[in-house]
Every structure is written in structure tokens, then in C-alpha cells.
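Chemist: Sequence:
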Amino acid sequence: MELAATRNLSELQTAAFDVEYVTDELWQTLLPALTPHLDRPSRFLDVGGGNGLFVDRVTNAFPQSFGTNVEPARNLVASNRIHSRKNLVSATFQDADFVAEERFDVIFFNWVLHHFVVDGYASTVACQKAALRKACSLLNPNGAVFILENLYDGRSIDNLPSRLIYGLTSSHLLKSVTSRMGANTAGVGVCFHSRRGWNRILGGAGYPVRRFQPCYSYGELSPLRQFALHLRDTRVCLIVASPQ
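Numbering (the numbering used here), first residue to last: 359 to 602.
Derived from the structure by calculation, the hints contain no laboratory data.
Incorrect hints may have been included.
Computed cross-link-like contacts, EDC-like style, restricted to lysine to aspartate or glutamate with a CA-CA straight-line distance of at most 16 Å [stated by the list, open to error]:
| # | residue 1 | residue 2 |
| --- | --- | --- |
| 1 | LYS492 | GLU459 |
| 2 | LYS533 | ASP477 |
| 3 | LYS444 | GLU460 |
| 4 | LYS492 | ASP516 |
| 5 | LYS444 | ASP414 |
| 6 | LYS492 | ASP455 |
| 7 | LYS492 | ASP453 |
| 8 | LYS487 | GLU507 |
Working from the sequences, and respecting the hints, build out all of it.
Modeler: Structure representation (C-alpha cells):
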């Protein structure tokens with residue numbers, strides 16, 4: 359399956375992601391949902407798994423599991439610890455090749471789908487759908503996709519913040535402005551969505567949503583910027599979806 363090439367962050371930009379974002383509290387939310395899939399001989403894929411700390415955590419929690427981390431940033435790949443049950447693939451998910459018989463019980467997209475951006479908003483949404491379709495083709499029967507994302511719900515127009523943020527961060531002309539405003543993805547782009555937006559994308563990719571759980575709110579933006587971006591609420595959520 360050939361997917362559109364994405365805009366990729368520079369190593370200077372990806373250096374900011376050399377951390378583990380899954381908190382202990384969030385891990386306790388994930389653990390019972392993962393157990394039916396991984397508490398046996400199993401395989402999982404972490405898309406854009408960065409420094410590999412999350413893969414290490416999952417393999418430690420589930421001793422019969424084997425994890426693959428697909429990560430394009432060489433500086434983050436170099437941060438991975440060697441583990442007998444971890445495979446590293448230095449590539450974008452779009453470019454990564456998997457052997458025909460290689461299938462996974464769980465595929466993780468932890469704060470990564472919003473980085474799948476190309477030229478144009480509609481094309482970016484199509485790119486995100488295409489990545490989810492590729493993931494669907496890599497799942498075992500009864501496998502599931504686990505997504506951690508930041509929801510950006512609009513006020514009167516539900517998914518308007520998604521379009522505004524993409525337009526601002528993807529603009530080369532506005533790169534210096536958005537960078538000074540704190541956008542690490544300035545000049546490349548980022549494409550968040552609202553709850554309804556993600557439901558539409560997942561539905562378009564052939565995934566019924568099995569679980570949609572808001573986890574915690576975060577307030578990185580000032581009230582003025584929230585108003586300018588038409589934001590009603592920003593929060594982290596867990597989405598579990600499967601094609602079966």
C-alpha cells in the first residue's frame with residue numbers, strides 16, 4: 359500500500375519529543391484494555407514510538423509480547439535501549455515495509471496521527487485515513503488500534519480549530535511567527551481534531567470506535583489564544599478501535 363509522503367520535522371524539532379508522555383495514571387487506564395490482547399504470545403507495533411520507552415514499558419508488563427517501534431527520527435532511534443523483544447524500524451510508517459505474514463495484535467498511535475501532514479488540509483485528513491487503513495491491513499483478527507490524542511473541540515463550529523491550527527503551523531510564510539508563539543511544528547504543520555472529527559476519520563477508514571475515553575484536560579494556551587483559535591475544550595483522550 360503506497361501512502362503519500364508526509365512533511366517531516368527536523369531533528370531539532372523532534373529532540374523535544376525525547377520524553378515519555380504516558381503518565382502512570384494514563385498507563386493504569388491502558389493496562390486493563392491491553393491485557394486481553396497482549397497477555398499471551400503477541401506482537402504489537404508502536405507507530406512513531408520515538409525513544410522506545412513506551413515499547414519497553416509494554417514488553418515489561420507483558421512478558422510474552424514482542425514490540426516493533428517504527429520511528430523516522432534518527433536521533434530518537436538512537437535513544438532506544440536494546441531489548442531482546444523489541445525491533446527497531448528506522449522509517450516513517452508510510453514508507454515502512456512489513457512482510458506479508460507479519461501481523462500485530464495491537465497497533466499504537468500515541469500522539470502521532472496529528473503529525474501525519476502533507477500539503478493541503480483535505481489531503482492531510484486523507485493521509486491520516488490512509489495510515490489508519492494501512493494499520494487495519496496489519497492487524498491480526500480481533501486486533502485493535504489504540505490511539506492517544508489531544509482533542510481540540512471548537513465552540514460553535516466543532517472542528518474549526520483543526521483547520522486554523524493546521525493553516526497556521528503549516529505555513530512557511532508564518533513559520534517565524536508561529537515558532538515565536540511556541541509552535542514546535544512551525545513550518546511543517548500539525549493537524550489535531552475534535553472528538554467528532556476523529557470519529558469521522560476513523561469511520562472513513564473502516565473502524566468502528568469501541569471506546570472513546572476523555573482522560574485529562576490541559577491548558578497550554580492562554581485564554582486569548584483559545585478564543586482566537588475558536589477553542590472550547592482541549593483534553594487528552596484514549597480511542598480504541600478495531601475493524602471487527
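Chemist: In ascending order, which of the hints set out earlier in this document are inconsistent with the structure?
Modeler: 4
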